[in-house]
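*Asks:* For the protein sequence lines, the chains are A and B, in the order given. If you count by my numbering, then the first sequence holds residues 3 to 366, one letter each, in order. If you count by my numbering, then the second sequence holds residues 3 to 366, one letter each, in order.
By construction, these hints were calculated from the structure, which means they are not laboratory data. Be aware that a few hints might be false.
Copies of the same chain are indistinguishable here, so a pair counts whether it falls within one copy or spans any two.
Result set (DMTMM-like, lysine to aspartate or glutamate): computed pairs, CA atoms no more than 20 Å apart in a straight line [stated by the list, open to error]:
#, residue 1, residue 2
1, K355, E343
2, K215, D184
3, K283, E88
4, K288, D303
Given next are the chains, with one letter for each unit.
Protein chains: 2
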Amino acid sequence: MTILSTDETLAQDKQRPTDPIIDLDVHETFTSWNELLPYLKNPWRKLLEQGAWTPPSFPFAYWTGHGLNRADSHPADGTPAGSNFELFREQVLDQYPIEYAVLTGQFMPGDLESQYEFASALGSAYNDWVLEHWVARDPRIKTSIHVAPQDPQAAAREIHRLGDHPGVVQVMLPIGNRAYGDPFYHPIFEAAQQHNLVIAMHHADPLRSALGKGRYYIEWHVNVPQGAMSEVTSLVINGVFDKFPALQFTIVESGWSWLPHLLWRLDQNYRSLYHEIPWVKQLPSKYIRERIKFSTQPTEDFSAANWLRLIEMLETDRMLVFSTDYPHWDFDAPQESIPRELPDELRRRIFYKNARELYGKKLG
Amino acid sequence: MTILSTDETLAQDKQRPTDPIIDLDVHETFTSWNELLPYLKNPWRKLLEQGAWTPPSFPFAYWTGHGLNRADSHPADGTPAGSNFELFREQVLDQYPIEYAVLTGQFMPGDLESQYEFASALGSAYNDWVLEHWVARDPRIKTSIHVAPQDPQAAAREIHRLGDHPGVVQVMLPIGNRAYGDPFYHPIFEAAQQHNLVIAMHHADPLRSALGKGRYYIEWHVNVPQGAMSEVTSLVINGVFDKFPALQFTIVESGWSWLPHLLWRLDQNYRSLYHEIPWVKQLPSKYIRERIKFSTQPTEDFSAANWLRLIEMLETDRMLVFSTDYPHWDFDAPQESIPRELPDELRRRIFYKNARELYGKKLG
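Build out the structure end to end from the sequences listed, making use of the hints.
*Replies:* In structure tokens, the structure reads:
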């Protein structure tokens, strides 16, 4: 037996033919808010031009100079990480066998606490900017429609405006302080279903855990999956899956190792308390297994044996999809995040097949 | 091979010698608030006598006549479930080989949003009432000190007042809207450590998930473990385990199948972000494995094989303790909640040994 160093193993991996990858979470951004000006009408445009508005901020100071991002993702010209298409192409698209990368953005119009019409206008401007400056540049890039869910009718209009664009595969809803099962948000689901768009959810800065924001960034970050747990439960309890039978969901960047617990807990509660929610027609786990995909990032430090134990607990290999989270600090590189020891078919499901089935013909 | 019916199997089980059990969660209560009057001084006593105060309420209507409780736990005289000692003795203490049952209460002084001194007075009155009306009646009964954590100095005084009572084994903190790692609450930990008391935590009515209370009871109930996750994270991040090196914790009635996920996620984040919290000296999972016990109830619907997978993921059989949650609807009967197929030693750990080690000499 020849023992290879880690570097040699990685080099060998790089040489062998690899299966295609779909990356469900790339956080592109602009170099400054001014890039949105051409896509905004007055009175909104003036608010940006006059510096009359301060974007929402995140309360934590970081202990590293690169803040939330991979140190090498900062363009040499000092522009923000994630704002340089060429660097992204070099570091992700051409670095790995990426067949498609789905943009998820960094700005979330849902984070605005006031002036909902302004939030919707910013969302539309951002969507137009992304289509022109990112999606148009590479056929491997698909994107999400950003809407302001605080105004569901406006969100639905935006979905109708862009929902059939060939570069658009999903609607992005921030997991912040809204449980989207609430019928208040159903106009968004109705519009998305009409255009065969996936509903994607990703945590956003306003998210708090059950006991608040936390005193440090690490505390906030550890608790992030709670938002995803609450969204899954909210969708189930409010009967969203039967009301919108064609709608598919994906929850990105909240991990997945908590999923067996949630499936069991939901089923156990449903068996005892289904009288309370007669519009829910079957076991919650069945809806979730068939209708929601979870991105693996950020993968946690557990063994391949534990990966397989978790998959056995889930009773399906169809729920996981891959994402890198570029350019954030906890970026998942394909070779290092999904253990090589996993069966080839499971790896293919995670890296490619499940996402391919999720987006269907939208990927062309 | 003789096939036995479920009834026959259960009957056989009942005949065979059983290992002792420690039940960590019994929700005793009074028949009415007036029972506390002899233990209250003015001006607090008058508030109850004059009906000047409305206890906090829980917003959900229930679809069953027995509400939150086992149908057979309601005393024939119409008094509240959990208020009749003899019925509890018959249904739990004498029904199973209970060596000790730890009372956890239903009233939580921490639930009061205002008038903190009144909350502390109610807590003290309740503690005195429990010691006289429950603990004094059976040597198998131990109890928790109820305090108002919103006033940590008052809570510490109450712990000093009752901390060495032989019937007292722990301090109860409600998991509602407070993350107890915050140094604001450390006077409570300091006092508990001085008296060798365990810190127990149990969810309470004010608890909300990351996205709010939920629209139905089932939604609220499914999301309950998020409070426990946030408490565990808060204790770790704030360095509580090194600051109070002798203090042990137990989190009751939030389940445990989410624990592997949380250990992994905490460790992964610690490896990358430990600079932010230099007072945390080792991997979070190590602190948690050694210092926190989790009660198994409410056990979820998963197989013995999955129990064993989860125990392998935890890498220890020392974290789980047993509880019934009497008289609540999701009561766990010993024979039915912990699978018979589990190894005997693991069952003994869950039913008895881990709790015995947790409380140490406090159990006599």
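*Asks:* Indicate, hint by hint, whether the structure satisfies it.
*Replies:* Status of the hints after comparison with the structure:
1. K355 to E343: This pair counts as within: shortest intra-copy Cα distance 18 Å, inter-copy 37 Å.
2. K215 to D184: between (23 Å within a copy, 12 Å between copies)
3. K283 to E88: Neither. Shortest intra-copy (49 Å) and inter-copy (41 Å) distances fail the 20 Å Cα cut-off.
4. K288 to D303: between (28 Å within a copy, 14 Å between copies)
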